[in-house]
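Undergrad: The primary structure of each chain is shown beneath.
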Amino acid sequence: MAAVKQTVEHVASLEKYKHGFVTDIEQDFAPKGLNADIVRFISAKKDEPEWMLAWRLDAFERWLAMEEPDWAKVSFPRIDYQDSYYYAAPKKKEGPKSLDEVDPDLLETYKKLGIPLREQEVLAGVEGAPRYAVDAVFDSVSVVTTFKKELAQAGVIFCSMSEAIREHPELVRRYLGSVVPVSDNYFACLNAAVFSDGSFVYVPPGVRCPMELSTYFRINAENSGQFERTLIIADKGAYVSYLEGCTAPMRDENQLHAAVVELVVLDDAEIKYSTVQNWYPGDPETGKGGIYNFVTKRADCRGDRSKVSWTQVETGSSITWKYPSCVLRGNESSGEFYSIAITNGRQQADTGTKMIHLGANTRSRIISKGISAGRSSNTYRGLVSAHPKAKGARNFTQCDSLLIGKHCAAHTVPYIEARNGQSKFEHEATTTRLSEDQLFYAMQRGLSQEEAVQLLVNGFVKDVLQELPMEFAVEAQKLVAISLEGSVG
Amino acid sequence: MLSVSNLHAAVEDKEILKGLSLEVPAGEVHAIMGPNGAGKSTLSYVLTGRSGYEVTAGKVTLEGEDLLALEPNERAAKGVFLSFQYPLEIPGVPALTFIRTALNAQRKARGEPEVTAPEFLKLARAKAAELKIDFDMLKRALNVGFSGGEKKRMEIFQMAMLSPRFLILDETDSGLDIDALRIVADGVNALRSPDRAMLVITHYQRLLDYIKPDKVHVLAGGRIVATGGPDLALELEREGYDKYARAA
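Order-wise, the sequence lines are chains A and B.
First residue of the first sequence? That's 0 in numbering that gives the first Met the number 0, and the numbers climb one at a time after it.
First residue of the second sequence? That's 0 in numbering that gives the first Met the number 0, and the numbers climb one at a time after it.
Just so you know, nobody snuck in bad clues.
Chain A is faced by these chain B residues, among others (derived, beta-carbon under 10 angstroms):
| hint | residue |
| --- | --- |
| 1 | G51 |
| 2 | A75 |
| 3 | G91 |
| 4 | N103 |
Hints listed in this document are in silico derivations from the structure and should not be mistaken for laboratory results.
All values derive from a computational prediction rather than experimental measurement.
All residues carry an ideal CB built from backbone N, CA and C; glycine is no exception.
Taking the hints into account, I'd like the entire structure generated from these sequences.
TA: Written out as structure tokens, the structure is:
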């Protein structure tokens with residue numbers, strides 16, 4: 000613990016990773032390790048119905064028979080799945096959640112992170128500024144969800160997954176696992192067995208969600224994994240914009256984050272999903288510690304003319320393994336993927352998207368900007384496929400990589416499959432090095448080296464930043480700057 | 000204003016400047032002419048502090064202050080501006096954003112308040128009109144897809160916006176047609192003032208028809224080998240650099 004504390008203090012003094020503090024709070028843990036009893040423990044802790052437990056146990060059985068995937072361009076020591084806690088939750092009083100009952104330490108934590116949990120704090124902001132509702136997930140559980148009343152008036156359900164399982168079982172049973180099946184992949188299957196909490200959103204037909212929704216994930220406990228599960232359903236003609244943010248304390252050991260996000264989009268509906276991921280990236284020199292971010296995110300554009308757009312800003316984690324995907328099942332449905340992935344220090348990222356065109360006249364667009372600095376490795380891996388019925392499918396892909404310094408690596412691995420003769424796919428890719436000439440040019444005009452790098456990098460990622468909701472774009476821009484501090488010279 | 004004495008500088012261990020001395024008083028425009036490979040561009044990079052250009056001996060001061068001890072951006076804040084021979088493209092960064100960021104960085108370094116958006120735009124509109132630059136072009140990514148002439152005009156625009164004290168023009172005439180040359184020269188001449196000095200580096204005399212120098216220096220073999228009035232430029236145009244190159 001002393002070493003952890005030292006690291007925390009040391010890095011905090013460098014002011015690089017600003018979210019690396021630990022909240023000292025009393026927590027409930029499940030015993031360390033993973034077996035069917037732990038799965039039962041989690042289910043019981045959450046007061047789940049029998050069907051949910053059966054679902055989990057089935058997933059656990061399947062997981063035991065699966066092998067960890069090894070095709071990604073990342074390397075890490077074998078994970079000992081028995082050496083981790085699968086459930087950690089802040090101790091709290093029983094009863095309905097209201098903000099007054101939330102532990103003040105937790106409120107303080109979120110305040111420190113800049114996340115408004117008190118509705119009046121949001122309201123007290125600049126007049127006319129967009130408001131957003133927050134679901135705050137602390138380790139394994141959702142601690143508070145704001146603006147629920149106002150959202151309910153519009154018919155929108157926004158709550159924690161645990162609550163949804165209890166209060167809206169018909170919706171959960173109908174959609175859970177329908178986009179990412181239980182045994183889709185190793186990490187998704189593990190998640191199905193032990194997922195603890197996450198957000199649930201249902202937007203009824205024809206409703207435009209009156210505010211931005213967001214979930215803020217925080218890993219706090221030591222030696223614990225975080226396995227959240229998010230399910231968002233946009234019914235016919237509905238619209239919702241959703242943002243997730245993630246941070247974790249700086250710790251010497253690696254922590255596993257294996258989340259699953261499922262999006263269901265019906266006829267004429269649209270979901271805009273944005274992520275600003277800033278998990279602790281590990282020590283930049285030694286590569287020690289940091290989050291393993293192994294996440295499965297998929298959208299099913301089930302309805303005709305449905306639309307999904309994924310925007311991600313990935314700056315943290317020691318390893319990122321994630322491919323937010325779109326299954327374009329409905330005719331004329333469309334999917335978009337905008338990504339900024341930054342790796343510095345010893346970080347490794349293997350990220351991209353899958354656009355699976357099943358319906359006729361489906362369209363997709365991929366803009367990926369990878370930035371590698373330090374001794375990091377950054378891979379774009381993407382699949383675009385058109386099935387026989389997807390006549391008139393169109394895709395445009397642009398993958399740009401920017402290298403800063405001489406010891407980093409960038410890779411682009413596109414897979415393209417057209418199984419009908421009437422699809423049109425375009426792929427463009429560039430790799431450039433941040434040039435000494437450009438840096439000198441900007442410095443000659445008066446910018447310091449750091450400012451020059453920031454300006455040039457912001458120019459590089461501009462196409463993606465402008466896809467983020469405005470207030471988050473500003474945050475993301477700052478995050479880009481912080482992530483790349485000290486990357487030159 | 001600018002004082003260079005016995006300047007020696009090397010690039011990758013090869014000595015390019017070999018004891019260059021030069022005085023440019025405030026209010027004056029000095030031209031540096033010389034054959035290819037004489038060290039003209041090296042001089043502009045050494046004055047602005049580019050990495051890889053190593054000063055091995057000598058002194059450079061701007062109004063008595065040691066320039067060589069400063070970073071490139073610190074020199075910029077002191078008022079040193081280089082109009083590049085080959086201006087760089089900055090993808091995704093609108094010209095106005097670039098210049099405003101630079102201006103505010105300089106002001107901050109000098110302890111001055113940031114320029115407000117309305118002030119900045121007003122100034123930009125006025126200077127753009129003087130240089131016959133379409134204002135919409137300033138909203139595009141700096142120099143990306145610009146013609147050679149447009150890039151040079153953009154350099155002079157930046158210069159006008161940043162209002163430096165010591166101006167270095169490196170081969171500003173190259174790539175300009177006669178109309179563009181006139182516009183650029185007008186822009187430069189508008190910046191002539193008793194408290195500014197300029198160093199005009201050029202290969203040809205042509206530019207000096209439009210920007211009249213007070214003095215002309217011949218740079219050959221890494222040193223100033225001759226200094227004279229505007230007539231010297233005409234002589235060089237007629238007779239070439241041979242005589243001086245041999246002397247060096």
